[in-house]
Amino acid sequence: MTVKELIELTGATDMTPDSPKDTEVTCGYTCDLLSWVMAHGKAGMAWITVQTHMNVIAVASLMEMAAVIIPEDIEMEEATLQKAKEEDITVLQSSRTAYELCALMAEAGLPGTPREA
Amino acid sequence: MAVLMEKVFPVEAGAYGTAGEASTTIKRTLKQLGVGAEVLRHVSVACYEVELNLVIHSLGGTLTLQVEPDKVTLISKDVGPGIPDIEKAMTEGFSTANEEARTLGFGAGMGLPNMKRNSTEFDIQSEVGVGTTITMSFALK
Chain E
40 MTVKELIELT
50 GATDMTPDSP
60 KDTEVTCGYT
70 CDLLSWVMAH
80 GKAGMAWITV
90 QTHMNVIAVA
100 SLMEMAAVII
110 PEDIEMEEAT
120 LQKAKEEDIT
130 VLQSSRTAYE
140 LCALMAEAGL
150 PGTPREA
Chain D
2 MAVLMEKVFP
12 VEAGAYGTAG
22 EASTTIKRTL
32 KQLGVGAEVL
42 RHVSVACYEV
52 ELNLVIHSLG
62 GTLTLQVEPD
72 KVTLISKDVG
82 PGIPDIEKAM
92 TEGFSTANEE
102 ARTLGFGAGM
112 GLPNMKRNST
122 EFDIQSEVGV
132 GTTITMSFAL
142 K
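Protein chains in written order, with the numbering used here: chain E, 40 to 156; chain D, 2 to 142.
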C-alpha cells in the first residue's frame with residue numbers, strides 16, 4: 040500500500056500536500072508514548088497518535104516512517120506541520136478514532152509491526 | 002583508531018521544541034557518509050533518547066559525534082544534576098520525568114534501556130552534583 044492508497048482508504052485529509060505519496064507503507068501502529076514508539080517504530084510505518092508537537096516529526100523522520108495520522112479531527116500545531124514539510128513527512132488528519140483507523144488498515148491487509156526475535 | 006570526524010552539539014535543558022534536532026543532523030551526516038540502514042537506525046534511536054534525556058533531565062550539556070573507520074561513538078556529557086542510583090535508572094519503566102515531559106509523551110522509562118539495547122557498547126558514569134556522561138559506540142560492519 041502506498042501513502043496515496045492509505046489516504047484513499049482512510050479518507051483522511053492530507054495536511055502536507057507536497058510530501059511524497061508514492062512511499063510504500065509497510066505496517067501500522069498506534070501509540071502516544073514517544074520513547075515506546077522509538078523502541079518499536081519501523082521504516083515505512085503509518086503511525087497513529089494524538090500527540091501534535093514537534094517531537095512527533097522528529098520521531099517519524101528518524102524512524103523513516105511513511106506517514107503520521109492524527110485521529111478524531113485533532114488539529115496539529117502549525118509549527119509541527121511546518122517541520123513535517125521540511126522533513127518530507129506526510130501528516131494526515133482523520134475524523135475517525137485511532138481504533139477505527141487501525142481496523143480499516145488491518146482490514147485492507149496492512150500488518151502490525153513484525154515481532155523482533 | 003583515528004577519529005575521522007568529530008562534531009559537538011550543545012543541548013539546552015528544557016528546550017522541548019528543538020529536541021531531536023541534533024539527532025536529525027547526526028543521522029543526516031552519517032547517512033551522507035554511507036553508514037548502512039541498520040546501524041543508522043540503531044544510532045538514531047539511541048541518539049534521540051540521549052538527546053531527550055539531556056533536555057528532560059539535565060541542566061544542559063553536549064552531544065558529541067565521533068566517526069572512526071570501524072565505529073561511530075556518541076558521547077553525552079551534562080553539567081548535572083547527576084543520577085543517584087544508576088541501576089534503578091536503567092530499569093525499564095522507571096522514570097523521574099516531570100509532568101511537562103509526560104504530557105508530551107516522554108517518561109515511559111524506556112530511554113536508558115533503549116540506548117543500551119541499540120548500542121554495541123554502552124557506558125554510563127554519573128556523580129550527583131557533578132554530572133552524567135554516557136558513551137555509546139556502534140560497530141560499523
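Just so you know, not all the hints are guaranteed correct.
As the list claims (entries may be wrong) - Covered stretches of chain D (in silico footprint by chain E; criterion: 3 or more residues with CB under 8 angstroms from a CB of chain E, positions within the stretch not fixed):
{"#": "1", "region": "15-25"}
{"#": "2", "region": "80-90"}
{"#": "3", "region": "111-119"}
No wet-lab data here; the hints were simulated from the structure. Just so you know, even glycine gets a beta-carbon here, dropped at the ideal spot from N, CA and C.
Going down the list of hints, with the structure as the test:
Taking a C-beta to C-beta cut-off of 8 angstroms, the region 15-25 of chain D contributes 8 residues in contact with chain E, enough for the three needed, and the coverage statement holds. With 0 residues having a Cβ less than 8 angstroms from any Cβ of chain E, the region 80-90 of chain D misses the three-residue criterion, and the hint is violated. Counting residues of the region 111-119 of chain D whose C-beta sits closer than 8 angstroms to any C-beta of chain E gives 4, which meets the bar of three, so the coverage hint holds.
In the structure shown, a violation is registered for the earlier hint numbered 2 alone.
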